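Peer 1: Build out the structure end to end from the sequences listed, making use of the hints.
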Amino acid sequence: MDSKIQSTNGILILENETPEDVAKAMIESGQQKEPFYVFDMDEAYRRIQYFKKTLPRIQIFYAMKANDNERMIKLAANLGMGFDCASPGEINKILNLNVSPLSIIFAVTSKNPYWMTYARKSGVRHTTFDSSCELKKIKQFWADARLLIRIKIDGESIYKLGEKFGCDFETEAIDLLEEAAAFDLKVVGVAFHVGSGCFSIESHMIGLQRARALFDHEAKAGREMSIVDIGGGFLSDRTDSINQVSKLINNTLEELFPDPNVKIIAEPGRYLCDSASSMYCSVNNVRKVSVSQDEHKREVLNSNTDYVMYNYSKANFIAINEFLSNVNWTEKIYVQTNVNEMVKVLYSIIRSSLDLYYEKE
1 MDSKIQSTNG
11 ILILENETPE
21 DVAKAMIESG
31 QQKEPFYVFD
41 MDEAYRRIQY
51 FKKTLPRIQI
61 FYAMKANDNE
71 RMIKLAANLG
81 MGFDCASPGE
91 INKILNLNVS
101 PLSIIFAVTS
111 KNPYWMTYAR
121 KSGVRHTTFD
131 SSCELKKIKQ
141 FWADARLLIR
151 IKIDGESIYK
161 LGEKFGCDFE
171 TEAIDLLEEA
181 AAFDLKVVGV
191 AFHVGSGCFS
201 IESHMIGLQR
211 ARALFDHEAK
221 AGREMSIVDI
231 GGGFLSDRTD
241 SINQVSKLIN
251 NTLEELFPDP
261 NVKIIAEPGR
271 YLCDSASSMY
281 CSVNNVRKVS
291 VSQDEHKREV
301 LNSNTDYVMY
311 NYSKANFIAI
321 NEFLSNVNWT
331 EKIYVQTNVN
341 EMVKVLYSII
351 RSSLDLYYEK
361 E
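full-length UniProt numbering puts the first residue of the sequence shown at 1, with every later residue one more than the last.
Calculated from the structure, these hints are not laboratory results. The structure presented is a predicted model; accordingly, all values stated were derived computationally and were not measured. We put the CB at the ideal spot given by N, CA and C, even for glycine. Incorrect hints may have been included.
Said to hold, decoys possible - As a list, the in silico DSS-like pairs of lysine-lysine whose alpha-carbon atoms are at most 25 Å apart:
id : residue 1 : residue 2
1  : K74       : K136
2  : K136      : K121
3  : K121      : K65
4  : K220      : K247
5  : K65       : K93
6  : K263      : K52
7  : K186      : K137
8  : K121      : K93
9  : K74       : K52
To be verified - What follows is a list of derived Cβ distance ranges for each label pair:
id : residue 1 : residue 2 : range
10 : N243      : D154      : 16 to 26 Å
11 : K136      : R223      : 12 to 22 Å
12 : N78       : K121      : 19 to 29 Å
13 : C133      : S29       : 46 to 56 Å
14 : G123      : M279      : 31 to 41 Å
Peer 2: Below, the structure written as structure tokens:
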């Protein structure tokens, strides 16, 4: 393999060259037999700095589920970021880097007793809830936790989270705050998430407005809150999107939460790291098929649409984004086409109909 590439603990490191150089060196060596990723630390750093620049008041709590590679989380820690963890395993990874447990929010609204006990004994203080059942468990197993009530925000997004997480603002939130007070639990803030890959910039404004209403309710009851968690969902492939949503968020924060003592946090994940990773794999089969609407599981709206299907696994390696015109592949999106348009479909060798990707020509 090229001498420019060094191996450290099983991880290949390229210095003073581009990510494309390391990929080509690995491919040309003939030693790489399986698909692999190249991670560009510089790109991840640029994304983090740009997020900080556009949203200067917000403290980042990196969503580890997006990429929990040790180098990514070390970069985040070295830049003073907090961490959004969703399991004891993620918490353990952060603590092993000597990061303070106070820099962690256990941002999962349904936790079993073991998870709560582990977090409490590890020194983690903050977590989220969205149900009466969760409050009862917290009272029993983590009574000194600092809680954020998670409310549901249904924005236009690729992956909607409202069906799974968050209480209803109109019918549940106030009752849950009162129940927490009755249990003598400390609710310190409001959390929401507009959905992964959110297209609606107004969703963050709605979330902040509802958070303000809950802050006011608690203040009237003599219970002060101090944290607003706006979650993630920032589109990573469109700079204009983060620019637009950041202006709206900044203006709304200035209007609704002018008090600098109110801590504003966000949990970006994909936005910070997805453009830093490129997957390289082989394409070992190409075939053209015609599929009618009722036969196609991806619900393509036009019948008799032509498809080119690429099966990727092992052969001569190429980069997917080079092969398919620099497409950023996104999972599980429905595609609507005209009859005369061609759709490129990418799928792997595993026997699952879910492992399917597409591109429209």
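Peer 1: Next, verify each hint and record whether it holds.
Peer 2: Hints and how they fare:
1. K74 to K136: violated, 35 Å
2. K136 to K121: Holds, at roughly 19 Å.
3. K121 to K65: holds, 22 Å
4. K220 to K247: violated, 30 Å
5. K65 to K93: Judged against 25 Å, a Cα distance of about 12 Å means the pair holds.
6. K263 to K52: holds, 15 Å
7. K186 to K137: holds, 14 Å
8. K121 to K93: holds, 15 Å
9. K74 to K52: holds, 17 Å
10. N243 to D154: 16 to 26 Å: holds, 24 Å
11. K136 to R223: 12 to 22 Å: holds, 19 Å
12. N78 to K121: 19 to 29 Å: holds, 26 Å
13. C133 to S29: 46 to 56 Å: holds, 54 Å
14. G123 to M279: 31 to 41 Å: holds, 36 Å
Hints 1, 4, counting from the list given before, are not met by this structure.
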